[in-house]
Structure formats: structure tokens, C-alpha cells
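Trainee: Start from the sequences, fold in the hints, and give me the full structure.
Protein sequence lines correspond, in order, to chains A and B. Residue 1 is where the first sequence starts when you use my numbering, and the numbers rise one by one after that. Residue 137 is where the second sequence starts when you use my numbering, and the numbers rise one by one after that.
None of the hints are false.
Pulled a few chain B residues facing chain A out of the computed Cβ check, cut under 10 angstroms:
{"hint": "1", "residue": "Gln579"}
{"hint": "2", "residue": "Arg591"}
{"hint": "3", "residue": "His620"}
Each computed DSBU-like pair below joins lysine-lysine, with the alpha-carbon atoms no more than 35 angstroms apart:
{"hint": "4", "chain 1": "A", "residue 1": "Lys13", "chain 2": "B", "residue 2": "Lys607"}
{"hint": "5", "chain 1": "B", "residue 1": "Lys552", "chain 2": "A", "residue 2": "Lys87"}
{"hint": "6", "chain 1": "A", "residue 1": "Lys35", "chain 2": "B", "residue 2": "Lys593"}
{"hint": "7", "chain 1": "B", "residue 1": "Lys513", "chain 2": "A", "residue 2": "Lys7"}
{"hint": "8", "chain 1": "A", "residue 1": "Lys18", "chain 2": "B", "residue 2": "Lys607"}
{"hint": "9", "chain 1": "B", "residue 1": "Lys538", "chain 2": "A", "residue 2": "Lys7"}
{"hint": "10", "chain 1": "A", "residue 1": "Lys7", "chain 2": "B", "residue 2": "Lys552"}
{"hint": "11", "chain 1": "A", "residue 1": "Lys63", "chain 2": "B", "residue 2": "Lys513"}
{"hint": "12", "chain 1": "B", "residue 1": "Lys593", "chain 2": "A", "residue 2": "Lys63"}
{"hint": "13", "chain 1": "A", "residue 1": "Lys13", "chain 2": "B", "residue 2": "Lys572"}
{"hint": "14", "chain 1": "B", "residue 1": "Lys138", "chain 2": "B", "residue 2": "Lys220"}
{"hint": "15", "chain 1": "B", "residue 1": "Lys313", "chain 2": "B", "residue 2": "Lys345"}
{"hint": "16", "chain 1": "A", "residue 1": "Lys13", "chain 2": "B", "residue 2": "Lys505"}
{"hint": "17", "chain 1": "A", "residue 1": "Lys35", "chain 2": "B", "residue 2": "Lys572"}
Far from chain B, by Cβ distances over 12 angstroms, these chain A residues were calculated:
{"hint": "18", "residue": "Ser39"}
{"hint": "19", "residue": "Glu95"}
{"hint": "20", "residue": "Ile100"}
{"hint": "21", "residue": "Ser101"}
{"hint": "22", "residue": "Pro106"}
{"hint": "23", "residue": "Arg110"}
What the hints contain is simulated information worked out from the structure, not anything from laboratory work. Just so you know, even glycine gets a beta-carbon here, dropped at the ideal spot from N, CA and C.
The residues making up each chain are set out below.
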Amino acid sequence: MSYEYIKIGQEEKDFIAKVEEISGQNVYSCYQCGKCSASCAFSYKMDKSVNQFIHLIQLGQKKRILDTNTHWICASCFTCTVRCPRKIDVAALMEAIREISLRENPEKVRIADLPKESLGKLPNIALVSNFRKKTG
Amino acid sequence: MKIGVYVCECGSNIASTVDVEKIVEEAKDLPNVAVSRVYKYMCSDPGQELIKSDIEEFELDKIVVAACSPNMHEATFRAVIEDKGLNPYVLEIVNIREHVSWVNSDKDKGTEKSMSLLAGAVYRSALMKPLERKKVGVIHTALVIGGGIAGIQAALDIASMGYKTTLVEKTSSIGGKMSQLDKTFPTLDCSQCILSPKMVEVNRHPNIKLLSLSEVVAVDGYVGNFKVKIKRNPRYVIEDKCTLCGDCLPVCPVIAHDEYNQGFSPRKAIYISYPQAIPASFVIDPDDCLGIDPLICTKCKEACGPEAIDFDMQPEIIEEEFGAIVVATGYAPYPIENIGEYGYGTIHNVISGLDYERIVSASGPTEGKILRPSDGKIPETVVFIHCAGSRDPSKHLPYCSKICCMYSTKHALQYKHIVHNGTAINFYIDIRTAGKDYEEFYQRAAEEDKVIYIRGKVSEVLEDGDQILVKGVDTLSGETVELHADMVVLATGITPSEGTKEMASLLNLAVDINGFIKEAHPKLKPVDTAIAGIFIAGTATGPKDIPDTVSQASGAASKACGILSQDELEIEATVAIVDDSLCRGCGMCAEACPYSAIEIQVMDQYGHSTKIAYVNEALCKGCGSCAAACLNGAINQLGYTDSQILALISVLGGD
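Mentor: Following this line, the structure appears as C-alpha cells:
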């Protein structure tokens, strides 16, 4: 049995502060009731459910968060935000993690690398969002 | 003889599984039955009026009511028949609700059982005799055992209602566990600041006599008339003479662990627990002092200006009588060294909740700085482990200790208030914040003070260099986790104190499976015990926070005053009675009696000295144990005599 080592030092605290700054949310408002995960239409596609994802933010586990697909599966439908009993804008937290991910790796999606046939299938808004990330 | 039979439908509670019309008709044919009726709610006013008018019209002299448990309405119907001039003890209640309709679904069988019970009651009723209630006088003083916040509140309330109260405390000062706490949740009131005014009030209240260093060693008697022996242990310092000047302290050569500070600081053999202690007097610990038998050192005596020190003080026994007793003997923390995997007692920086209270307290060994015990460094990460002992029926305590979620949250919050950059992590199973403003307090700790909560148990705590490796599980992520901490605080559970166990045994009070004193009823009589005149308050009855303890203490005080305010008390008439000519003094009844109400006395009978059982009617609860135990049939319980019970059984036994 391997144990996940948890370190909550300055680096982790800085990361939490950054997420809070971008999202305008207090991640410690979350008491892990799981209503967000219960409400999310795509929970089954996420490798960490929404509440687990927020829990990892509370613990400042940046690498593990960025390694999940959760924030990329999120379609920003805002159901979690509307239903959260602690008034957390969960979708804003998702967006904050996407921001951090893209700021550190702006080339995560290279439009030029996308196959031409896919471009027609992708929603326009997804492409526009992607360009927006490039503006920093 | 004319018997009236009344069958209650209790709405549909009884009528749905018992054919009430049928049993009412059949009852009419039973011997001596003059009238038999059914009504929807017999306990209602019209139901009661029905019985009253029948008593007049038919000149009834016995009443049988088939309804709910006598616990519910026996008193109601006794009052009804008494109102019409009948003796209240010629009433017989047949319980066809709890004993029949609620436990049956077959209507035929329910009806048959009800009929059989009702017929038995009618036969028994024919043999019932009027009984008289006797009266006993009341001593208008109260005894409160235990000087923690529960005992303090109870004593103050009784004294304020005008009754002399004796408060007995085992240690050298009142204040109890609350005096050791730093701040109290959820308001963060300083514990001493809200407690010490009450302690001072105890000290100066004209109706309160405070006996510190004292223990109750014997209790005899009954409600309104308890005879109590109190052993007062020597303080070796005369309370009235000691001026708290402290001249004795620098000269005392003995250094001992300071219990008040959980052993984290030293004290002398002559000491005062804490500056606000009441009685406000130094005390000498005879186990540490070199001046008490044999006399080796007299330095404090020489230094004492007011001549307050007396090495020859002896224990004394005080005998007093009281009308009512409040037991407020409190709790002891669970011995967490029993949880081997948490390392308490072997790893220096693993401490208990109460240890932490002293460390965080401004009057504690570190003067309010959070410094870990091993090296006095400020811990950068502190792990708080909830349920240390609690909710672990297989090895430790089966119950929830109720206060730990809140005090661990408070501990973490206090740590963050003092060590701003520190990390506070709570491992919990559930967070239970059922109290006024408690949930808000918990949310504040998380939101404002960034206290981290990880749902899951810690499996083990290991020493790793000068740090502690905490291994556990995060059940929300489903992962096993490990992390390094500089200090670990265990949320110690609550157990009944030694004093609680001793008093329960001395007073014959029933205890639950965990050793806490049992209430007479968990919901409706939370401060009564099974023994009339003895009340309970605080954590002696189970885990409780301060607000609950204080309100329970006020409740117990009010119930005690309910007794003290009377000049005489009526005692139940259904007591045991001895037939002197049949009794052979074997003593089996005395052994069977759970209330110590029977004594074997030597009496002069027909010129011979014989042993005969004597029943103290004030102590007797009418349980019938003695009557069942007696081989000669010499002891009977009034209202439930052998002939009455046999008449009942003969009917129930079949045709």
C-alpha cells in the first residue's frame, strides 16, 4: 500500500492563494458535501469528481490537480455553482485551474496541430476560448 | 360490591386491533360488574366525566380501566375517582395498548388477550382494599456532590432559592475541568473569566457551605431525610488564616508536577492550584511534603506570618442531614495511552486535548505561546486527531464524546490565531456541530482561519527525527495519505470520573453500560434518578458541553427545591408489609431489596427474642422483590397482595 505524501508548505499555500485570487472563491468554504459531484452531468467522465478536485485544491496538491482531466471535462454549465450550499462558484474554480494550466503551458492546444477534419466538428466557442488563452 | 369497567379505544390505537365492543359486552357478565362502557378517549375530559357520573349513578366502589400503560394515566384516573370520594388505590389499569394492540396485528388474538387481561383485572379488583398514603417530614437543606461547573451552578441556584446548601468537592479547589480550559467554544469566552465570578459567589453566598478536600463516605435515609457522612481531609493550611502572601513558596524545598498544568510545569509541596482557586488558600500535598509525619522540614511554617500552617491537622468526619442531593461528579478524560498506535506517552509531542488547553492558556506553562513539549519550538504543522477513543466500540469507547469536534475545531482555530503561518489539519470521521452557533463556528474555522479538514482516521503516529509521521486515510479522495507534523493533539474522549463511579455505587444509582449515571427517563426525567430526592447534573450522566451542563444543573437544582420547599412528602402507599407471625427473620427479603429498605430487627415476641423483617416505608418503592423472595409468604406488597395476584393468575391461566 503506498501512501500519498501530503506536504502543505509555502508552495502549496501560494498555489491555493493563486486559485483563490483568480476565482474569487474561498476554497475552504467547501465542507465536502458532494452536491457538486452529485449534480454534475459529467462526473462519470472525470478521473477525480468535483468535490475530490476541490479537496485537492484545499490541500494545495497542484501537480495532482493539473494531472486530472476534471477541469477539461467541465463544460461550465454552472449547475454546481447554482446548487452549492456554501455559495462557492465551483465553475469559477474550474476556470481558475484551466487558467493556471494554460498560463504555465500556453501551447497545451496548438490550433495548427489540430487535424483539419476535426476543426469542422469542434464547437466554435471552444476554438475562440482557446485563442483567448493566448492573450495571457 | 359494584365494579365499573371502562375500555378505551385510544382513537384507532386500540380499536384497530382489539374488538372493544365485544370485550365491553363480555365484561358485563363478569362477577360484580355493575357497568361496562367503551369510549374513544377515556383520558379526555368527557371520558373522565363518564366515570365520575357512573360512580354517582351506580354507586360504584371499584374501577377497572382498560387503556394504555399505567405509566401514562394511572395518576389521571386515580384523581378522577378520588374526586368522587373513592380511595385512589381501588383503581386497576389494564394495559391493552402497549401490551396488546401495539404489539399485535391479529384482531381476534388481540381481542382474546384483552378479554383475558380484563377478566383477570376484574377478579383482582374485587380483592383490592383502600390504602392510605403516609407522610414524612422534610429537612430543608441540600447536598451538592462535586464542585465543577455543574455542582457550582446547582449549589448557587438552590442557595439563591433560599435553602442552605453544602457543596462537597474532592480536590483543594472548586472549578473542576472548566477551570483548566483556556477558551470556550463557540464564543471563545475565556473559561476562567466566566467561571471565577461564580466560584467567588459560591465562596461568599450566605447559604452555601463549601467543603473542599472532602468526600461523601456514607449515605443513609430517604427523600427529604438523607443522613450523610462526609470525610474532610486535612488541608494543613488554615483557610481563614492564609492570606495568599506566598512567603511559603520560595522556602519550600520540594518540587512536584503541577496537576493543574497537566504536569507541564513544577509546583511546590505547598501550593495553590491556580490564582483564582476557591477556597482562596494554599494547600499542602501530604504525599510530597516533608513536614507531615515524619516531620523533617518546617520551612513554610517558619516563613508563614499569619501562622496558618498546621502539620497536625487530622481528617474529620462530618455528619449532616439533607432533604435532597445533587450528584455532579463529572468526567475523566479517556486514558489515550490505551490507543497504542497514537503514541501518547511514548512520543513527546503527542498530547491530549486537555494538555493542549494548558499549553494554549495564557496562565499555562508556556504563558499562551504554542510551544511543543520536546524542545519548546513553535510547531509549523499540527495535526488534530478526532475521536481519540470515541466511537470505537471494539476497543475503546462505543459512544460519541460529543464535545471533541467542537474543541478540536477550537484548538485548530486558536493555533492559527497564534501561529498565523502554521498549518492545522484535522482528521475526523464526521463533524458534529449540533449546538447553537456551533456549525457557524466550524465554518468560520475553515473559511477564515484556513483550518484543513481531512475526512478519515489516522492509522498510526510514528516518531521521525524531531518530527512526527502521521499515516492515515483520506476517505474523500479514497487515498491513504501520510504527512509530517510537528505536534499531534488527540481529541480525548470522555469517561465517567472515579468520583462518578464511587457515588453511583455508594448511592445505589443505576449506571448505563459505560458507567455513566442513568436518568430516571432519558427524555422526560433527565435530571432525576431512580431514587427519589437524588438528582444528577453534568457529565456524570454522559458527555455534555458547558451550556448543556449548566442548564441541567439548574434543572436539577429546581427539582431539588421542589422537595425542599415542602414541609412533608407523601409516600407511595403500595409498600411492603410484614406479617410478624409468619416472618422467621431469615433475611432473604433484605438481600432481595434493591433500595435497602428492609432491616432485620430483633424483637420481643411472646416473651421470646426473635428476628423480624422491618420495612422502612419511606425507602420502599413497592417493587415486590421481597414478596417474591419470601419463602414463608410473610411479606406482602400492599395493592399487590398474594391473594390478589393469585386471583389474577387463576383467570389468566385459562378456564
